[in-house]
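Throw the hints in and build the complete structure from the sequences for me.
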Amino acid sequence: MDVEDDLLRPPPKRAYQYADIKLHVPFSALTATFDLLSRVGRRESGLFWYGPRDSSGNGTVAYVVAPRQRMSWGNYGISAEALAEVVHRLADDWKPLAQVHSHPGSRVEHSNYDDRMVSSRRALSLVFPFYGRVRQPFPTGIGIHEWQSDYWHLLDQASAALRVLIINGAAQVDDLR
Numbered sequence: 001m002d003v004e005d006d007l008l009r010p011p012p013k014r015a016y017q018y019a020d021i022k023l024h025v026p027f028s029a030l031t032a033t034f035d036l037l038s039r040v041g042r043r044e045s046g047l048f049w050y051g052p053r054d055s056s057g058n059g060t061v062a063y064v065v066a067p068r069q070r071m072s073w074g075n076y077g078i079s080a081e082a083l084a085e086v087v088h089r090l091a092d093d094w095k096p097l098a099q100v101h102s103h104p105g106s107r108v109e110h111s112n113y114d115d116r117m118v119s120s121r122r123a124l125s126l127v128f129p130f131y132g133r134v135r136q137p138f139p140t141g142i143g144i145h146e147w148q149s150d151y152w153h154l155l156d157q158a159s160a161a162l163r164v165l166i167i168n169g170a171a172q173v174d175d176l177r
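At position 127 of the sequence shown (counting the first as 1) the number is 127 in my numbering, and the numbers step up by one without a gap.
Each hint can be trusted.
Taking lysine to aspartate or glutamate and the EDC-like style, the derived pairs with C-alpha atoms no more than 20 Å apart in a straight line are:
| no. | residue 1 | residue 2 |
| --- | --- | --- |
| 1 | K22 | D54 |
| 2 | K13 | D150 |
| 3 | K95 | E85 |
| 4 | K95 | D20 |
| 5 | K95 | D54 |
| 6 | K95 | E81 |
| 7 | K13 | E109 |
| 8 | K13 | D156 |
| 9 | K95 | D175 |
| 10 | K22 | D156 |
Label-pair ranges, simulated between beta-carbon atoms:
| no. | residue 1 | residue 2 | range |
| --- | --- | --- | --- |
| 11 | F27 | D54 | 19 to 25 Å |
| 12 | D175 | Q17 | 34 to 40 Å |
| 13 | R9 | P137 | 26 to 32 Å |
| 14 | S55 | N112 | 34 to 40 Å |
| 15 | A84 | P137 | 32 to 38 Å |
| 16 | G141 | I21 | 21 to 27 Å |
| 17 | A158 | R121 | 21 to 27 Å |
| 18 | L83 | P11 | 28 to 34 Å |
| 19 | S72 | Q136 | 23 to 29 Å |
| 20 | N168 | L90 | 19 to 25 Å |
Hints are computed from structural coordinates only; laboratory data are not their basis. Quick reminder that beta carbons are idealized off the backbone N, C-alpha and C, glycines included.
What follows is the structure, given as structure tokens:
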């Protein structure tokens, strides 16, 4: 990311329309996410949440994985080979549910770079501020984005709290970095 154009993006052409689809995240998966993001220090990093979806499109996170990646203070990159390595580890019924990455400061809006780097428009995109060192109850302060009408919409806190729900349960965790 070398130019300011990578940071700022135009506003959406259409307003976000709430979708009544839930992403269920076991508390252990959320804890693992904070740990994976913060353990690399002052570098942006990325990881993925995978799991099954029901017939209505609701998902439950069963797997949290940090693939091999290039990390720096202001962005990260995951190669196609590293993503393929992750996909080969998945159970047959697991789908991509969310792509997660960290930002250095409090800004959790996608950048143009973030828009280009998302691996699936069928998954949510979550941005954790301060390299994953968050002190507020989830999802306060987390950028939860959903692809709709050709745009990655940043959900307001009320919509985010209805869209992503913390549940009891466990998830498999792998750090391949």
